[in-house]
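Enquirer: Residue numbers (the numbering used here), protein chains in the order written: chain A, 1 to 211; chain B, 1001 to 1211; chain C, 2001 to 2211; chain D, 3001 to 3211.
Treat the hints as calculated values from the structure; they're not laboratory data.
As the structure is a computational prediction, the values presented were derived from the model and not from experiment.
Mixed in with the good hints there might be a few duds.
[Unchecked claim] Now the stretches of chain B that chain A is said to cover, found in silico as 3 or more residues with beta-carbon under 8 Å: (1) 1028 to 1034; (2) 1167 to 1178.
[To be verified] Here are the simulated lysine-lysine pairs, BS3-like style, with alpha carbons at most 27 Å apart: (3) B/LYS1013 <-> C/LYS2058; (4) B/LYS1013 <-> A/LYS85; (5) D/LYS3058 <-> D/LYS3013; (6) B/LYS1013 <-> C/LYS2085; (7) C/LYS2013 <-> D/LYS3145; (8) D/LYS3145 <-> A/LYS85; (9) D/LYS3150 <-> A/LYS150; (10) A/LYS13 <-> D/LYS3150; (11) D/LYS3058 <-> A/LYS13; (12) C/LYS2145 <-> A/LYS13; (13) B/LYS1058 <-> A/LYS13; (14) C/LYS2085 <-> D/LYS3013; (15) B/LYS1013 <-> A/LYS13; (16) C/LYS2013 <-> B/LYS1150; (17) C/LYS2085 <-> D/LYS3058.
[Stated by the list, open to error] Have a look at the derived ranges for each label pair, beta carbon to beta carbon: (18) A/GLU115 <-> D/VAL3193: 42 to 50 Å; (19) B/PHE1178 <-> D/GLU3115: 31 to 39 Å; (20) D/GLN3050 <-> A/LEU60: 25 to 33 Å; (21) D/PRO3057 <-> B/GLY1136: 55 to 63 Å; (22) C/ALA2046 <-> B/ALA1197: 50 to 58 Å; (23) A/GLU115 <-> C/ILE2179: 24 to 32 Å; (24) B/ARG1157 <-> A/TYR186: 14 to 22 Å; (25) C/GLY2152 <-> B/LYS1145: 25 to 33 Å; (26) A/LEU60 <-> B/GLY1152: 39 to 47 Å; (27) C/GLY2152 <-> B/TYR1059: 54 to 62 Å; (28) A/SER42 <-> C/SER2042: 47 to 55 Å.
Built from N, CA and C at the ideal position, the CB exists for glycine as well.
This is what each chain is made of:
4 protein chains.
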Amino acid sequence: MESNEKVSPNHEKVLGRLLSLSDGIFAFAITLLILNITLPDSTTRAAVPQALLALWPKYLAFLISFVVIGLYWIVHVRQFRVIRKYSSGLLWLNLLFLMFIVLIPFSTSVLSDFEVTASVVLYATNMACAGFTATGLWIYAVRGKLVDEKLGPARVRRGIITNLIAPVGFTLSIGLAFINTNLAAYSWLLIGVAHRAVDWILKLPKSDEDI
Amino acid sequence: MESNEKVSPNHEKVLGRLLSLSDGIFAFAITLLILNITLPDSTTRAAVPQALLALWPKYLAFLISFVVIGLYWIVHVRQFRVIRKYSSGLLWLNLLFLMFIVLIPFSTSVLSDFEVTASVVLYATNMACAGFTATGLWIYAVRGKLVDEKLGPARVRRGIITNLIAPVGFTLSIGLAFINTNLAAYSWLLIGVAHRAVDWILKLPKSDEDI
Amino acid sequence: MESNEKVSPNHEKVLGRLLSLSDGIFAFAITLLILNITLPDSTTRAAVPQALLALWPKYLAFLISFVVIGLYWIVHVRQFRVIRKYSSGLLWLNLLFLMFIVLIPFSTSVLSDFEVTASVVLYATNMACAGFTATGLWIYAVRGKLVDEKLGPARVRRGIITNLIAPVGFTLSIGLAFINTNLAAYSWLLIGVAHRAVDWILKLPKSDEDI
Amino acid sequence: MESNEKVSPNHEKVLGRLLSLSDGIFAFAITLLILNITLPDSTTRAAVPQALLALWPKYLAFLISFVVIGLYWIVHVRQFRVIRKYSSGLLWLNLLFLMFIVLIPFSTSVLSDFEVTASVVLYATNMACAGFTATGLWIYAVRGKLVDEKLGPARVRRGIITNLIAPVGFTLSIGLAFINTNLAAYSWLLIGVAHRAVDWILKLPKSDEDI
């Protein structure tokens, strides 16, 4: 943090606080997931092993949400690595994105408590909203010339495409949820695969600029 | 963070920690809001869709509080972008401000559980106290010459006025709460509008210094 | 954060992480206090005003704990403003100090639920342990030459004395708790007064070095 | 944080965010431990002293988990003090490590509620997984040349060995858990002793590079 002798653009300072708030929210949201996993109050000493195994849908939901929040955090890191300026709109778009991140522990708890279509739709909608907001933030930042001016169009396009994989995948899974909830959940695994594949296909020359 | 070879004013270092604590508390308070939203224990699998829809007053309270905490965070960012020095009084005033931020998840849970006058008064009082403390902190910092010395009087006045919009709006809504609780709640939406309008009217030349 | 080309002492980097962890823990511990304040499940709509007023012992406990955690945070800021090096012992002493900070939400909840001697003793012991550990950390850092080498003996002594006020006050209040719990609680207010008085008496020339 | 004029490797910036997320998660996970300690709802005023004493298995579990999370935090600090570059793999390995840290409050609550073999096995497995992941991350970073290039093979080897002490100790304790749960728990104390002993035996010249 450089000291700023004059009242001048201090984009770095404000972006530093935006990242500090964002990392804090990511950290708490991802840690709150663990509060969904508890043994029933009625568990007896003898029943602990069975009770622990019976929690497997909760472990699975925890794992999926941990991976998705991790993925969105990496998306956020990638974006803000090249964002050099802020605007009022950027701060609010980032808060909107963080609101969907904060909702994830709730969606996760509903999903792990009730394996019904509504839970799957809620969960996929939450995740899709987070992803579309992240994409919107990226387009907003590029259009508003808030990103590094040396950023080429290939990198911009690549950012849009990789950003869209998760929310498009989750949106498609909403349709599957009405057919079969398990099918929808399994389809989420494909999102990770698709993400990796697109990263591979669109890969920039293996320079350091690529996460 | 520059290393400091001598025991000398290290205002930057202490302000860095103040911001680190503040961003942590903002992040935690905003994330705690989600704990207010839970499905009743008695929810059956078939009733999940209805139960999710029945939570709408909680979603609304979550949304309002998220926006207000976001607004106060932006106010805090704006202020500390130009504060260059600290004092013991500044640290304590900031802690007082943060205390009102920490109370928001409680006020929000009361508001979303009970739509009565007392809840609305509690909520509006909490928000007003946060806003007035932020304004007090700003005046204290300006008077104590803790802000950047190049800061002009227009910017100072603008800071006071924009800081006062939210707390004055919430204070006025307390009166409305005794007439009709919904009226009070809807009046909060005007705060956002008023904030935007004042930002527009008082706008500084669109230089980078404006958030 | 300077990049470090060589495997060399990087005290600044490690101290930066120590402060990052500490500020995070302070922020969460202080925010967790709010979880102690909840309306009873049996509260009816009509009874909300009375129920909110009946929570006053909880508000008071919240306020006291917020102020004390704030005080210990300021003590921590003061100390680490002049600590320039770390050692394995410093990391562990700081973790021990943070452990007592983490315990405060628990002690506070016991105190606000049960106004009995045992609660007051628990609370005062928790606070005293935190304060004595902070004093120990300061002496350890000075003896181990981890502090800025330009730090004079007056400043060191002043650090020890101001650090001791809170824990000595809380220790004395344990005795009072066996006579009258309210007496003990009121005596805590004197700690703040004593702190301010000693700051005044021992005040260094009003240079920037003084918080 | 240096401003980055060109779209170029910005390893420092990304590693800064990785550390910010990690410290937030460590701070939150370590603070969540306190939520395991609560007095039973049925406690009467007269029974508070006994009830507080009856919580001793919870205090003990809190203490052990606090020390182990502290130990893993120090391991993390040591590693990232010399890691200079990131890769996609490093980000995900770190997230995997953090996932095991986030699980610790759950394992701790099971352990403190039920002193049975299954709880001890769960706890030791959780801790072992965290430790092995940390070791894997270190080997990955060294092989991928993400660490400081001046890092000698002695330091690398030392890192592997010290990293392995905790997870190997916890793995061995799983066997003991099937004989006697207390025996397993006491064996964890040896991990601390072994850690200190190995630090002593493998000690690098007392230069600043040693934590």
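Enquirer: It remains to establish, for every hint, whether it holds in the given structure.
Expert: Results for each hint:
no. : hint                                : verdict
1   : 1028 to 1034                        : holds (count 5)
2   : 1167 to 1178                        : violated (count 0)
3   : B/LYS1013 <-> C/LYS2058             : violated, 35 Å
4   : B/LYS1013 <-> A/LYS85               : holds, 24 Å
5   : D/LYS3058 <-> D/LYS3013             : violated, 40 Å
6   : B/LYS1013 <-> C/LYS2085             : holds, 15 Å
7   : C/LYS2013 <-> D/LYS3145             : holds, 20 Å
8   : D/LYS3145 <-> A/LYS85               : violated, 32 Å
9   : D/LYS3150 <-> A/LYS150              : violated, 32 Å
10  : A/LYS13 <-> D/LYS3150               : violated, 33 Å
11  : D/LYS3058 <-> A/LYS13               : violated, 43 Å
12  : C/LYS2145 <-> A/LYS13               : violated, 33 Å
13  : B/LYS1058 <-> A/LYS13               : violated, 35 Å
14  : C/LYS2085 <-> D/LYS3013             : holds, 24 Å
15  : B/LYS1013 <-> A/LYS13               : holds, 14 Å
16  : C/LYS2013 <-> B/LYS1150             : violated, 33 Å
17  : C/LYS2085 <-> D/LYS3058             : violated, 35 Å
18  : A/GLU115 <-> D/VAL3193: 42 to 50 Å  : holds, 47 Å
19  : B/PHE1178 <-> D/GLU3115: 31 to 39 Å : violated, 56 Å
20  : D/GLN3050 <-> A/LEU60: 25 to 33 Å   : violated, 41 Å
21  : D/PRO3057 <-> B/GLY1136: 55 to 63 Å : violated, 47 Å
22  : C/ALA2046 <-> B/ALA1197: 50 to 58 Å : violated, 39 Å
23  : A/GLU115 <-> C/ILE2179: 24 to 32 Å  : violated, 59 Å
24  : B/ARG1157 <-> A/TYR186: 14 to 22 Å  : violated, 60 Å
25  : C/GLY2152 <-> B/LYS1145: 25 to 33 Å : holds, 27 Å
26  : A/LEU60 <-> B/GLY1152: 39 to 47 Å   : violated, 58 Å
27  : C/GLY2152 <-> B/TYR1059: 54 to 62 Å : holds, 58 Å
28  : A/SER42 <-> C/SER2042: 47 to 55 Å   : violated, 23 Å
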